[in-house]
Each structure stands twice: as C-alpha cells, then as structure tokens.
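Visitor: Starting from two chains that each stand alone, build the complex the way the hints lay out.
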Amino acid sequence: MAVSESLAVRHALRSAHLDNGLKVLIQEVHTAPLVSVWCWYRVGSGDERAGYTGVSHWVEHMNFKGTTNIPRDEMKGIVERFGGTWNGYTWVDQTTYLETAGTHALDTLLFIEAERMANGLYDPAECESERTVIISELQGGENDPDQLLDTEVTATAFRSHPYGHPTIGWIDDLRRMTRDDLYGHYRRQYVPDNATLVVVGDVEADEVLRRVETHFEKISGSAPVRQRPAEPLQIGERRVALEREGTTAYLKFAWHAPAVTDPDFFPMLVLDAALTGAKGTNLWSSFRGYPPQRKARLYTSLVERGLASSVSGSLIATRDPFLYSVSLTAMDGVTLASLEAAALDVIEGVRAQGLSDEEVARAKRQLRARLVFETDSVTNIAHQLGFFETVAGPGFFDTIRPAVDAVTAAQVFDVAKRRLAREVRIVGWFQPTGRPS
Amino acid sequence: MTSGLSPVRRVLSNGAVVTLQETAFSPAVTINAVFRAGTLYEPDDLPGLAWLCARVIDRGTAGRTADDIAELLDDRGVTLRIATNRHVITMSCTCLTEDFPDMLALTADVARAPVFPEGEIEKRRAETVTSIRQDQDNPAIRAGEALQELLYTSSHPYGRPPKGTLSAVERITREDLLAFHARRFAPGTLSLAVVGDVAATTALDRIENVFGDWSLPPPPDREVPGVAPVSARRRVDIPMPGKSQSDIAYGFTTITRLHPDYYSYWVMNNILGQFGLGGRLAENIRERQGMAYYAFSAFDPSLGPGPLVVRAGVDPRNVERAIAAIDAEVGALGTDGPTDRELLETRQFLIGSIARMLETNQSIAMFLQTSEFFGLGLDYDRRLPEILESITIEDVRRAARAVLHPERAAVAVAGPALTGAE
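If you're matching them up, the sequences are chains A and B in order. Every number in our numbering is 414 more than the matching position in the first sequence, counting from 1. Every number in our numbering is 83 more than the matching position in the second sequence, counting from 1.
Everything labelled a hint here was simulated from the structure, so no lab data went into it. If you're wondering where the values come from, they're calculated on a predicted model, not measured in any experiment.
Here are some chain A residues pointing at chain B (derived, C-beta under 7 Å): (1) GLY554; (2) ARG658; (3) SER791.
Where is the CB? At the ideal position from N, CA and C, for every residue including glycine.
With the rest of the complex left out, here is chain B (with noise of 0.2 Å):
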C-alpha cells in the first residue's frame, strides 16, 4: 500500500454498493457486509430487536440448517462475526482465499434468507439475557451506559444500550424478528467490502452470482432524532457493592461526522485525551497524580450528534479527585485551546499513523465501509492528509470552546462506594 489504496467501486443493478480491495499481505480475504439495520430502526417498544436479530440471523437459512453452517464455519477455521451499533449491523469473516468462494455464499445466504428458527431464538435469547445481566455487574459498562443515558434519555436511540432491556428481549417474537430483518435487509441497505488476495474482477464476479439476483424495494430510511441542548451539569451515582475500583463517565454530546468541524474536533479529542497514552487526562491523571490506569477520551460522531466521552478508573476515594481533574483538562483546553506544539504533534501523528491504519485486510475493509457511508469518496485515504494538515490552531479553539464546557456535563459514576457520601 506504498502509494495509497486503489479500491474498485460497482453499484450492483439491485442497488447493492460493493468496493473492492485486492492486497498482497497474507493468502487471506476479509469480506464485510454492513447493513443499515442498527438500533436506531427498532421500533421504540423493543430494544435489543437489532441485537438478537444478529445473534440468529446465522443459525439457519431457507437452504442450510444451524448446524450446516456451524460445519461450514468450522471446518475452514473461520468465524461470522456479526456486531450491532446505533446505525448498522456489521457480518465479517476472514478466511483462506481458497475459503473465499463458500464464505461469501454463506454470508449472502445468510443475509438474504435467515429463517430464524424458534429453538436457536430461545438459545440466544438466553445467551442475551445472561450477558445483559453480566453488564449489569460490570461498573464500566454501567457508567457508560448511564452516561448515554443522561445526554440522549432512553427515548432517543443513542441513549440506550444495544443490548436492549431485560424486559424487551423476553417479549421479542419470531415474526419481530422475520419483520425486522424483511424490512431492513435488502441491496439497498447493503455495503458489501472484499479485501484480500482476490482480484477485484474475480471478486466482482462471484459477488454478482450470490447477490445480483436479490431485488427488493430499498426500505425508508430513518432520521436520528435530535438531540436537546442542555445547559446544566447532570451526575448519577450507581452503587456496586463487592466492586474494587470506581468507573468515571463523563460527557457531552457533540456534532455529526459530516458537520464541517468534524476534523477540528477530531484534532482536539486527540489532544484532550488520545495523544500517547490518553493526551492531556493521562497525563495529568494517571501521569502526575498516578490516580488510574486508565485515563482517556473518545468522539464518536454518526449520521446523528455523536458523544465526546472522558472514561477513567480510579479508586473510590479518588473519585472526586478524578472528576476535579477532568473537570480542570476540559475546562482549560476549552478555554485556552492547545498549544503550537500539541497541534503540531497530533497532526504528525494522524496523518503518520494512516499507513498503519490501513495495513490489515480488516483494517482496510472498515476504512473503506466508514468512507461509503459517510461518502467520503475512494481517494478519502489520499485527501485525508490534506485535510488534517487544514487544521488551524484558531480550528480547534473553536470546537474546544463550543463543546468543552465542565458546567454542562453529564456524569455517571459506577463503583464500589456512594461517591456523594464522602
């Protein structure tokens, strides 16, 4: 990849997008279908349709049994990894190139005719009902969860846990789950990525076999509702008795990832807490006040305003210590902005680290899906330097001033002790 990628792009005449990437590394082909099935198209009342569609989509299809395609995944040593997020339901499989052919029949034969049988649903929906109940002993889960809850309510997509609720996943029906994926899954919500050692031709031509003749309307898409600006500090404390150590959330909404200060945000998160082991929170809370192990932040802009969201785990008694800490980071770089150097350095670094990004067959397939969706265009990975070399000084003051305001944070604490009582 010395010179960039060179991804191929078809529409298919069903209306399914394919992109296709051949590489050179390993006798390896990652094939990766998105499909706009995410949470956000769950009807209100069923949380966590999204996520149990996707633990049984591949437990059996019109043509091959639950365990026909335990065998077919088995015996070439690959799994069907199949994730939900807020937007999209993700299928993933690397596999040998001589696998490749039989991989991507299965991955289409899943997509397109799942019959999701009533025993694997009751099998899975176990398995979701014990994981959920995992989540809920686990303090960074819980912290997260409650953050997004106080900055989007449990009305709003983004505001829930893609799990769903306990009480939603024992009412899920088999004909919730065949509506689901008939009104979800079709060429039209379909981005499909091959990257491996295949020809794009090759590629293209089998691609076309499993899934030309798939044709249905493309469904309505929904828009993420918005989200009410706020102007008041919220917290929430989440007592785990029998818990060692104390999870910070910590948090605002922000902007989408096609707003035009995407990139000045991305910049300042960096510099807030990404650059070497979490930027200005590490260094200050676990560099200098050796408070955590952790101390970090993430920004994670969608078709919707995403979170910009601070995490740190820290002893109990610490928890106030902590919290004063983020508070002074944010506050200060809200105020001041970074400085020349920081600037400097987090852009070497983004526009240093793409080669790297774009190394793995995986790592390809997910840059080139995220560029798809937000229509970003083939030469994004070319244009990308460009456009964080844009990046001013007077950029980034500008995101950090709009959104890093401590008085307006949510915060959710999950831990050990009632922080509040100390």
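So here's chain A without its partners, still in its complex pose (with noise of 0.2 Å):
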C-alpha cells in the first residue's frame, strides 16, 4: 500500500459511517501542521441522460456561489484566511471539492463541506452567469486540437454508454439547461450516503469525528440507485478524422478498457507503462504528466524512430468500462497513415509474441514508484483515498500495491491479445489543413 509506505504515516485509517450514511474517512499524518478536507460525491458525466450534459459539472460550479449560510460574499476569502486553497473536479464517475490549509482551519472546512451538501442556493442569475463561464472553459478546451480529438474518439468509442460526451457536457445542452435542471440534480445527488468525506492531516481522529457529526449529523436524503445503460460489444474498427486549421497533426487510438474491479485492470496498467511509461494512479498528482518512458515500446519505436514528438497512454481507473488512449503527435513532416502504422506495428507485435520478463519488471517497478511519489501530501494522500472508496469502492486503495505486485507477463500478454484487437477500437487523426502565419 502507498500510504503505509509514507515515512509520515505512522497510525491506521479510521472509517466510520454517520446514522445518515454518510462515509468518513480519517488519517492523521503529522509532519506539517496542516489538514486536506475533500467531500466526494458518487456522480459525474456517466450518470447524466441525454440532453443534460455537463450538469454535474455545471452543479460543481455552482456550489462554489454561496450558500444559506455562507452567503456569496463571504465564500470568497473564507478558505485564503487559514492560507488555504481550494478547488473541485467533476469526472465521469465523481465530483469532488477540497480544501487544504492550516489545521486550525479543520472545522471551518468541515463547515463549508456541510454547507456545499445541504444549502446551495442556486440563485438564478448566478446559474446564468456561470452558463456563459463554462461555455468559455469549453470553448478554451477547442482550442487545443489534441483535446478536440479526444472528444471525438470518445464519442465514437460510445454509443450507449454515458461515458461517450465529454465532462463539460454539449455545447447546445449548455445553452438549454435551466436553474431548475440544475437545482433538481444538486438535490437528488448532494445527499449524505451519496458522499465520503475524507480528511487527512495534523489532527486527532476522534476529534474530527465529534466534529464531522456535529456538521452533517442533521443532514438527510438517499441517493438515487444509479442507473447507466450498458455499452454494447464493438464489432468492428471505428475510425474518426478531423481536419482543421492547424500546424501538427495528431493521431490516437482508444481500446475499450476494465473498469477498475475488473482482475484485467492491473495487467492492462502494467501494459501500458511497458508501452508509454508509467504515469500512477492519481489524477490529480502533478507527477502523471511526467512518466518515465525512454525504455517503453512506443517510446522506442516512434519517438527515437524520429515519427512522433511525443507519445502518452491514459488507463484511468473507472467504475464502468472506460477507454484505454494512447495518444501521438506526428513529427513535423511525418504522415499520419505512415505514423499509424509504425504504432500498429509495435501493438500488433506485442499482441503476436507479449513482453519479456524484464520489460514487465521494469513496468511493475515505475509503478511502485510512482505508487510512492504520488502520496507526497496530504492533498495527494487524501486524494487517493476518497478516489479509491468513490470509484471501486471500500478498502480498494489498501489492494492496489500488493496487485501490481502480482500481474505476470502471461497476463499481460493476455490482456493485449484480447483488449488491443482491431475489432475493438478507434482510430482518430487531426490532419492539419493549413499552417497558421
């Protein structure tokens, strides 16, 4: 386990459930006089229906905006006092929020969490001026041609699954949703057995738990039983190409990946360090942009080939069967059919004959260090904890060092046969049509 390796964690997680369902979980770590408060909620873009995506992101925003007793103006500055910061992410399986300041913030925080779940106020004029905010992050997001593929491959790889639209939701679902649609979700899904607040640092776990309850005790609701329609087996190679102004092309493949309960998780992460390096576990670490890969296939054979100026693979842990991406940005010059099959070459040949022992070792061995790099705070220590219970569920995080330590090379090649097919993916290329002064 990460954390039990932490030189700073020297006592056990404690994990209580409130009379209302609502999860806690408690680690003291006390190597700086600080607390991490992060409220996880079990609902992002794969619990939204068409029409309405981008709501829980949107809802996300808004509880930011101030709440019954935290009126607007005083959300503002209420965590920078304690020298704080905040922030929040919505994902296709979670919205989360956190703060991490100075313990003697703790129940400042813990009172802003109560806050968020119980007393939105949505005021409506604060719903309309945050459609045209989020139509802007959207917007900015476009701007990036690598991004904009990815929205289009993972369209293409979904076509019942609400994991196929983007996060931030479409673009004309922003411009028709109303205050109400978004009250109606904070509503159902902003309940307390619908949540896991996790809080990590300086502090003593029995007092954060009388705490906790003196918060939330009087908080009430069930969360709706979640409901996603299942994705049908892909029966043949789906391909989408975009071609816009730009300078580079970028090329990406998707395979339809294990949900993170599935026994293939663990060998498809060591695959996909082996075949771009390996990036961890945690989404939000600093560290996952930066993997060690100069020794991984793709990296080797089209990279120092001199096709591609870069390459990355993404395995993020999911409930549901996400994708499994690797993405390539074409060397100035270097054509996107010759690129793509330069990469089908190495795939196909790792799906022919596997990997060898020592490039399973290797990947086994990033991964465990990665494993420790990205638990260097309490934000990161809280962060996988709560990430963890919301997305695979109880006591995941405590098995995923002893999983990583037990794939072999037999599984892994197992997985690549049978999760690397051509039947089962999606191809995406951004061909540049012209070059920009």
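Guide: Laid out in structure tokens, this is it:
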C-alpha cells in the first residue's frame, strides 16, 4: 500500500459511517501543521442523461457560489484566511471538492462542506452568469487540437453508455439547461449516503469524527439508484478524421478498457507502463504528466525513430469500462498514415509475442515508485483515499500495491491479445489543413 | 516542518553551492541542480540554444550512452526533468531513497560530461521544431509571446520565446552546444539542493564524491540589459482562424526581485489577479460578467525587471469588453489602491500559505533554490511572515500607482477574429 510506505503515516486509517449514511475516512499525518478535507460524491458525467450533459460539472461550479449560511460575498476569502487553497473537479464517476489549509481551519472546512451538501443557493442570476463561464471553458479546450480529437474519439467509442460525452457537456445542452435542471440534480445527488468525506493531516481522529458529526448529522436524504446503460460490444474498427486549421498532426488510438475492479485492470496498467511509461494512479498528482518512458515500446519505436515528437498513454481507474488511449503527436513532415502503420506494428507485435519478463519487471518497478511519489502530501493522500473509495469501493486503495506486484507477463500478454484487438479499437486523426503564419 | 525549515548550506571548495534539507514524509529524495545557463546567456543570433542544450544534455555522456541513461532512469521509475528559463537550466529528479546515490551520480555525469551525439541532436531538434509549430497553433502561447516581445523587444533576452526561433533552431550545431555547455556549466554556476529522506551528512559525502573533483574557473556573468521606459499603449492582434476562443495577454514591465518594493508588488498583484479565483480581475470578468473561465495576473520579477501580466481567455465577441474590464480594474487599483480588508486578507493568505508551500520535497527544493539564487538567506521562510506583515496599505498604493497605468499597457490578442474589425 502506498500510504503505509509513507514515512509520515504511522496511524491506521479511521473509517466510519454516520447514521445518515455519510462515509468518513480520517488519516492522521503529523509532519506539517496542515489538514486536507475532501468531500466526494458518487456522481459524474457518466450518470447524465441525453439532453442534460454537463449538468454535474455545472453543478460543481454552482457549489462555489454561496449557501444559506455562507453568502456569496463571504465565500470569497473564507479558506484563504487560513492560508488555504481550494478547488474541485468533476469526471465520469465522481464530483469532488477540496480544501487544504492550516490545521486550525478544520472546523471551517467541515462547515463549508456541510453547507455545500445541504444549503446551496442556486441564485438564478448566478446560474446564468456561470453558463457563459462554462461555455468559455469549453471553447478554451477546443483551442487545443489534441483535446478536440479526444472528444471525438471518446464520442465515437460509446453508442449507449454515457461515458461517451465530455464531462463539460455538449454545447447545445449547456445553452438549454435551466436553473431548475441544475438544482434538481443537486438535490438528488448531494445527500449524505452518496458522499465520502476524507480528512487527512495533523489532526486527531476522534476529535475530527466528533466535529464531522456536529456539522453533518442533521443532513438527510437518500441517493438515487445508479442506472447506467451497458455499452454493446464493439464489433469492428471505428475511425474519425478531423480536418481543421492547425500546424501539427495528431493521432489517437482508443480501446475499451477494463473497469477498475475487473481482474484485467492491473495487467492493463502494467501493459500501459511498458508501452508508454508508468503514470501511476493519481489523477490529481503533478507526477502524472511526466512518465519515465525512454525504454517504453512506443517511445523507442516512434519517438526515437523520429516519427512522433511525443507519445502518451492513459488508463484511468473508472467504475465501468472506459477507454485505454494512446496519443501521438506526428513529427513535422511525417504523415498520419505512416505513423499509424508504425504504431500498429508495435501493438501487433505485443499482441503476437507479449512483453519480455524484463519489460514487465521494469513496468512494475515504475508503478511501485509512482505509488510512493504520488502520495507526497496530505492533499495527495486524501485524493487517493477518496478517489478509490468513490470509484472502486471500500478498502480498494489498500489492494493496489499487492495487485501490481501480482501481475505476471502471461496476464499482460493475455490482455494485450484480447483488449488491443483491431475490432475493438477506435482510431482518430487530426489533420491540419493550413499553417497559420 | 512544524517549526520551519532547517537547511544546511555548504560551499564546496570548487565553488558549487549545496543546500540540504532532510524531511520525513515519504521514502523519497528530490535532487534539484540549478545552473546559470538560461536563455540570457545565449548568443543573440542563436535563440533556442539553451533550450536545445537542455533537451540533448542527458542523451549521452563520456561514460554512458543515451540507452544506458534511459535504462537507468526507466528501471527506477524516475524522470530527469530539465527545464530552461531566462536565467537557469534546472535538472530535477525525485527518486526512491534507495536510488538516490545512482541518481545523484547520473545528475553529476550529465552536467559534467555530456557529449551531445549528432544523432541525438537531430532527434531533439526535430522534436523542438514540432513543438515550436505546436506553439504557433496555440492562442494562449501566441498571445503570451507577443506580449513579451511588445514589452521587451526581441533583442532583449526576456523578449524572446525560450524555445527560440525555427531558423535559429535549424542552424544550431554540435559545436554550438559543446561551446555553450563549456561556457555555462561549471561549479561556479551550480546550486544543488537535495531534499528528502536522507541525512545531510550522508548526502554531503555523496555530493563531494561526484562533484568535488570538478574544477573549472567561474564563468563571467552577464547583466540583464535594461528596459526602456514606455509612455504609450501598444497593441498587437494575431488572427488564428479556426480557433474557438481568443486569448488576451496584457501587461507592464516592473521591477527586479531584489528591488525594495518587491513585497509591495507581490501583495498588489495578489489583490489584482490572484486572491481566490483570480483577485479583482476574476471577480469582475468571471464572476460578475461571466465572460471567462480564467482571468488572473502573474508577477514574475527576476534579476532583471520582470513582467506583470494579466491573462484572460474569452469569446471572440467579448475581447473589447474584457480589455475594458481589465483597464477598469488595473486603473482602479492604480488610482485608489486596495481596501483595508483586501490588504488584511491577502497578508493572512500569503503568510498562512507558507506551511503549505513547504510541504513536498519538490516545493522545498524550489524554495531553497529561489532563496539561494537571490541571496535571501537560510532563514527566509521564518523571516517571510514578518516581512509580509510589515507591508502597509501605503506601500501597496505606491506600487500600484507606479505600475498600473492602462494608458501604458501592452496588449496582445490571439484568436479567431480580427478584433479590431468589430
């Protein structure tokens, strides 16, 4: 387990349920006078219906816009007064809010999260103002050709499961949804038994639990049953080609990936590390973007041979099967057709022969090191505890390190054969049509 | 770190400066080696030389091939990140405690004995060319680089993009790289920080082993050229068809990091465009007008007078409205200064943030390197609260009055429509 490898963690994880169903996880870490509080909700863009895409993310934005007992104007500065930082994010399975601040802020941070769960204002004018902020966020993302391609490839991969639409939503839904749509979603999902509160830092667990009870025990409500349509099995390669203004060509492959609780998940994580370098498992960690990859198969075959200027892989822990993707930036002057052929050559080679024991051992060593690096602060430890509790279930986080250790070369070979097959892949091209001066 | 940092600083007999801080958060160590070899030291006709040097320097040494280095790094799950800015090239690496000796030795080898193999130069050059072309397609980068050029001109080292120009990158030879390395990598330009799960004495012994016998005369330093004062507003528009959103970069040149008013400017910038979502700027442009996902300002002084830059990304139809809002906020803070409450909250925030900023090995290493670079002393983290506490409303007013003049702002806009045509 990554956290127990931390020199700072000398206390057991404290886990409790309040009577109203709120799950509470408390980890004492006494190296710095800091506390990190995260409140996780089991709702994300994977829970959205057609016509209401982006509602979870918009609701996240609204949950920074004032509550009954923290008026809009007092929201500003409430965490900063303690030298704290705050944020939130929404993704396919989860919506989460965090604050990290000096330990003496604990009570205020719990108060903020209780208010956020029960007493959001959803002032109509604020909802309108936030609509255009989110459209601006979406359009800023569209300025990046790789992100544009990612949206298209993901949408092409899913015909039924709501993982197919972007977390930010489709623009027409963002233009159409109303304040009542937002508020309805908020009231249905922001209830204690749909949430996990995580507290990590220089605190005393019993004392934290008492304060959590004080702030949260009066909140009630039951979460709706999660209903998601299954994704039918893909039976043939799908392709999407974008032709737009730009300077650089991008290529993206995606394959349907195992859910985090599928026995294929960790062999697939090792396979990704061997193909593109280990990223670890922490979505929040700055380590994610810089994998060790100079010996990785796709790096040595494509970047070192001058066909691509960069390669990256992405396998994220998700509740239902999402995507494993490999993204490539074509080197200036290299055609997408030749880059695709060279990349598929590597993939087919791994599917035909598997990886060497040395490659598997290296990938596992990389993942073990990442598990240490990605839990280097109270904020990152809290993220990992809450993330896996929310996405994979109680106790899952403890199983990661042994699960990585247990992966064999035969398992990796097997997942490569089955899961990187042609008929289950999606290929995306971004072909630039012109070169701005 | 409940009672602040307790770093140990040594100057090796060859002139290299070493700063060490033991921490006990995780079984890991961060190595951070800073060389005064940034873009400031490039010949004026070869912009991009420092950047390319940083890309190739770890791709082969006298004793190791590129593949040896790749294997060493990948077997340990470690990356050696090499970053170039105006003044320095920084090599940084976080590794497991057990890998510290190997990674320290590799860092020393890469710094001391790179051979810049021709084949590696060609690969990394092609990557850099692709990367520059990607930047040319990125409105945020285009606006930012255009602003730097407006503020400093392309003949000033602060006015050029760090990756250089395509034509210069195409021209750089192996001899240029070897000469740049020989000129700028020496014990006298090195500041090394080691932070993490290793005792200072142990780390120091190992550092002596790998850097102690490196002996070279200290290279001459280069002064940052001055910046001519401006009194007129300047603007450039960069059309980028096919893009969805316009990026605005708006700013001024300011002061150096060692200027006595530095802390007043820091507090002023926090109020203008940092506090909360992005200070007064975000409050107006994002919160009140719903125009942008991001609106903030950044203050980046160094040995030369650094820029204060306002950024916002907006719908192309809202460019003029957003610039007007920036003008209004910049003008208001410049004329009236902050409120008492703003000053109080910002000071509380900055002082309260220190513990959080010194939580991880990487952030401590960066803090120690900044303290060393500007000569702030080993007790800087302890002195900082008092310094910030002493900043008065009059100090911030003075700073704001000195720099926040919309009529002298430089403005760059990159986006889908020619905004001037509206």
